[in-house]
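Visitor: As a plain string of letters, each chain reads:
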Amino acid sequence: MDLADQIAQYMVSGLSTGAIYALIGIGFAIIYNSTEIINFAQGELVMLGGMFTLFFLETMKLPLPLSILLAVLATIASGVLFERLTIRPLKAPTPLSLIIITIGGSILIRGIAMLVWGKDTHALPAFSGSEPIAVGSATILPQHLWIFALTGIAIVSNKLFFQYTITGKAMRACAVNRRAAGLVGIDVRRMVLFSFAISGGLGSLAGIIVAPLTMTSYDVGIMLGLKGFCAAIIGGLSGGIGTVLGGLLLGTLESLGAGLISSGYKDAIAFVILLLILFIRPQGLFGRAQTERV
Amino acid sequence: MAVNREIIKFLAMVVVILVAPLLVHEGYLINVMVFIGIHTMLALALNLLLGYAGQISLGQAGFFGLGAYISGILTATHGINPWAAMAAAALFVTFLAFIVGFPILKLKGHYLAMATLGLGIIIYIVFNEAVEQTGGPSGLSGIPNLQVAGIVFDTDLKNYYLIWAFTLAAMGLALNLVHSRIGRALRAIHDSEVAARVMGVNARLLKVQIFALSAGLSAIAGSLYAHTMTFIAPASFGFNFSVELVTMVIIGGLASIYGSLLGAALLTLLPEMLRAFQDYDIIVYGLLLIVMTMFMPGGLVKGVPSALSRIRGKLQGRPVPHA
Amino acid sequence: MKYLLQAVTTLLLLFTTSLAFAASSTIKIGGLFSVTGPASFLGEPERNTAKMVVDEINAKGGIKGKKLELVVYDTQGDATKAVQAANRLIKDDKVVAIVGPSTTGESMAVIPVAEKEGVPLISCAAGSKITDPVKKWIFKTAQNDYLAVNKIYDHLNKKKISKVAIITVSDGFGSSGREQLKAYAAKHGIQIVVDDTYGPKDTDMTSQLTKIRASQAQAIICWGTNPGPAVIAKNVRQLGIKLPLFMSHGVSSNKFIELAGDAAEGIILPTGRVLVCDALPKTDKQKSSLQAFVKDCKTHYNAEGDHFGGHAWDAVMLLKGAIERGGDTPAAIRDQLEKTKLFAGIGGIFSFSATDHAGLGKDAFVLVQIKKKDFVLLK
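Protein chains in written order, with the numbering used here: chain A, 77 to 370; chain B, 541 to 863; chain C, 59 to 437.
These aren't lab readings, by the way, just hints derived from the structure by calculation. Hints may contain errors.
Stated by the list, open to error - Per the computed footprint, the stretches of chain B lying under chain C, defined by three or more beta-carbons under 8 Å from a beta-carbon of chain C, are:
#1 568-578
#2 769-778
Unchecked claim - Below, in silico cross-link-like pairs of lysine to any residue (SDA-like), each with a Cα-Cα straight-line distance of 25 Å or less:
#3 K646/B to Q359/A
#4 K195/A to K313/C
#5 K149/C to H565/B
#6 K149/C to V559/B
#7 K313/C to I356/A
#8 K300/C to P218/A
#9 K698/B to K300/C
#10 K430/C to P218/A
#11 K193/C to N685/B
#12 K313/C to I188/A
#13 K313/C to Q359/A
#14 K343/C to Y204/C
#15 K648/B to F362/A
#16 K174/C to A689/B
#17 K195/A to E784/B
#18 K300/C to G205/A
#19 K648/B to I356/A
#20 K648/B to R164/A
Since we're looking at a predicted model, the values are computed, not measured. From the three backbone atoms N, C-alpha and C, an ideal C-beta is built for every residue, glycine too.
Okay, chain A solo, but in the shape it has when bound (with noise of 0.2 Å):
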């Protein structure tokens, strides 16, 4: 096989993760753009998407389209239910303090998860089967086809919300000014709270939708909390075509890494990146600049 194939199956292989740190990096997004919080725990949320699916499916027997409904809305609960208990009643929030108490909520939360589903791998089955497809010289999975039609969907709806309905507009409100838009009469905590609902649903469909392939145990959060924050860095932390960008990015490269150069340093290669775009763009590839950040 020449080597034009062999770069075609990287692309493929490295869109089809791209995408889920996509998801993942969105859901990053979304919360920093509201509250300025970067949640730690967002990958604990991606976690708790594809153990409550398991839940429902294997423990209480239920259909797969009626689990991960349930699935994303217990997430939802949880991520709410972590704003409400941890972030809310803090009097004087600084960045530091809420770096680290969105840490240690999501050592919370694995360390729950560990207890209640012990720590063993499950995999969940592929929504459509297994027969691989052929992309050109390139094959995928049916359920690549699934990820990228539901962050397609994800993404699309995220935009809409945003951009057209009055709740929506107001979270954009309270991203520019917090305090002009709580003035204005926004209830800016209500909006915080919205985000981390719509952040964990993001997080809790990018948990499900990877574990087929992926499979899923209690700690599967941690590394791929730290992708998505690294697409959503690349991508300027916006809430849309940015961090998408910087997933699919993010993605590729760590592909083209592992099969062109080393498979070992294949993460450190995407760190290296990430480090220099820091450096030279600080506001992120495809982020404008914007002063507070240097």
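We have chain A; now place chains B and C onto it with these hints.
Guide: For chains B and C alone, coordinates are given in the frame of chain A:
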């Protein structure tokens, strides 16, 4: 007057640390206290950066690991004198941090957190992947103990005094630093970098210098760790440990030298006390992080006295002074 | 400062009083297992098995009338924590012997402690450097990785396959396997044409496998523990690679078949005998041990007997034998351990000597193939 009080405080602590092993009969506790010493040094190094200069680092474990690995590889593989190896490790890591410090410390808040985190992960991956040099995930063994004038530091008690000598020296250095002009400049940066710049503080250079100092101290701690344990493996230098160090600083108290000691002592003893909880300790740990940050943002050093005075105030029926 | 001192002293007091003191009518042994953390797939079954064996022994009246007491600490896969826990076991709990740690790295870290304090330690990790060179107080029960490697290579020789691709996980388990795969390849006339790794938390290995597909390799050997190998098996199917796929004993449980699903079909791997114990001939010396182990696992935990748990079973039973023969002081246990001959355990048949503290022969592993979602003994 204030200076004298500082000196008395410090000397009191030195005496406590010198006699502590004599009061402890459990041989095993001395081993724990050795680790408290190493962790105190690491927490102190991070506190200079985080507490005084207000710059977060989530990659401290990387510098700690670099110190340990450089020292370990130079002595175990190349047979170089351990003291020389320690000096080489400290110098190299300080220099490295100084170089990467310029671009990294341009960043702020979450961006700085992400950049330092990324740096820590890159270093960790190198420990794992450079199998020829580091021994890879199964670790590097055969690192010699340190020795001075024929005394080999090969027991817990000897290592206790060795490590605490270094830790106390670092604490003394830090105390001097924060009470000097540099310390005041750092606090100015912490409060408002722009204002500090206007007042003529070269904020950027100073931040990088503190970053390098912090990395260098961590590297020395790493070297001490390697020569005490005589074995090192990558798992001890991962992201989790970086978070643990940040926790030590926050729980002990930001911008407090003694807070670093308290935080390190608490978090090193905590797993020992949580043994009763078995698998639940991860939950307790996560809860502790959240609860401490929510209700005792000043750390134990400020939180405990203010809580005590509040209780005392309640008992005597006086109105509570605001803490 | 006063408050600080107060706080520190209260902490220390709390701490010392929380330590329990042992009654002398029991024999205390220690367990160091990575029950949580990345190596929990080893530590948890080991801890459960060790507890189970000790309970079984005590239920039958203990050893020479004395009850066994097992003190277990979780090392979380971290060398620092392992050393702290080993110190506590020896100096505070005053155990007469230690079972564990679970990983090679942790074992190497605690060896100096056990050697210095003179307490016998039976490691449950596979790395051959634990007992090579032989150390006075250190033994181990897990089969050396090269035994598994040679089992695969012998099979490849039989099938006249000479070019292989290896893909190993970048943790202690995988890197030890990789080292042995490379070390023994030339001896079997096998050439490694692709040498690739993947991270323990990686979710897609098609890049590495695409590279392998484009190479000259005639077979793929994957060295890892769940879930990575299951992802690889699925990726191999996705890419339509028809090469024979070999795995390590790291996935020798039904869990792997559950995770990999249809993709597991046809995979060949070396494993201890526990997985196929019912299929063994009656003359097999290990059969009674194996069946007892599997039955106990079923009644205590309703779990299938686990290859890794077997390491702890062997270690505790070896200790029991040594204590029965020579008494319960650390020195006597060590001497008797070294004299153990032909003990038929879970991992194989152990015979220790002054020059061999690993004690297992070449036949500790068998090759099995996954057929119709079950493991079938490969002749």
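Visitor: Are the hints correct? Go through all of them and say.
Guide: Here is how each hint holds up against the structure:
1. For the segment 568-578 of chain B, the assignment as covered by chain C holds, since 5 residues bring a beta-carbon within under 8 Å of that chain's beta-carbons and 3 suffice.
2. Counting residues of the segment 769-778 of chain B whose C-beta sits closer than 8 Å to any C-beta of chain C gives 7, which meets the bar of three, so the coverage hint holds.
3. For the given pair, K646/B sits about 12 Å from Q359/A by alpha-carbon distance, which is consistent with the 25 Å threshold.
4. Distance restraint check for K195/A and K313/C: the Cα-Cα separation of roughly 12 Å lies within the 25 Å cut-off, and the hinted pair is therefore satisfied.
5. With a CA separation close to 10 Å, the supplied pair K149/C and H565/B stays within the 25 Å bound.
6. Distance hint between K149/C and V559/B is fulfilled; the C-alpha atoms sit about 20 Å from each other, no more than 25 Å.
7. With a C-alpha separation of about 47 Å, the suggested pair K313/C and I356/A falls outside the 25 Å cut-off, and the hint is violated.
8. For the proposed pair K300/C and P218/A, the alpha carbon gap of about 20 Å is at most 25 Å, so the pair holds.
9. At most 25 Å may separate the alpha-carbon atoms for a hinted pair to count; K698/B and K300/C exceed this at roughly 61 Å.
10. About 24 Å separates the Cα atoms of K430/C and P218/A, which keeps this hinted pair within 25 Å; it holds.
11. Our distance criterion of 25 Å between C-alpha atoms is met by K193/C and N685/B, whose separation comes to about 19 Å.
12. For the given pair, K313/C sits about 22 Å from I188/A by alpha-carbon distance, which is consistent with the 25 Å threshold.
13. Straight-line distance between C-alpha atoms of K313/C and Q359/A comes to about 45 Å, which puts the hinted pair past the 25 Å bound.
14. As the CA atoms of K343/C and Y204/C are separated by approximately 23 Å, the hinted pair is consistent with the 25 Å bound.
15. A distance of roughly 19 Å separates the Cα atoms of K648/B and F362/A; the hinted pair therefore holds under the 25 Å criterion.
16. Restraint check: the Cα-Cα separation between K174/C and A689/B comes to about 22 Å, which is no more than 25 Å; the hinted pair holds.
17. Proximity of K195/A to E784/B is assessed by CA-CA distance (about 22 Å); at most 25 Å being required, the pair is judged to hold.
18. For the hint linking K300/C to G205/A, the alpha-carbon distance of about 20 Å falls within 25 Å, and the restraint holds.
19. Our distance criterion of 25 Å between C-alpha atoms is met by K648/B and I356/A, whose separation comes to about 14 Å.
20. Between K648/B and R164/A the CA atoms are separated by roughly 24 Å; this keeps the pair inside 25 Å, and the hint holds.
Taken one by one, the earlier hints fail for this structure at numbers 7, 9 and 13, listed in ascending order.
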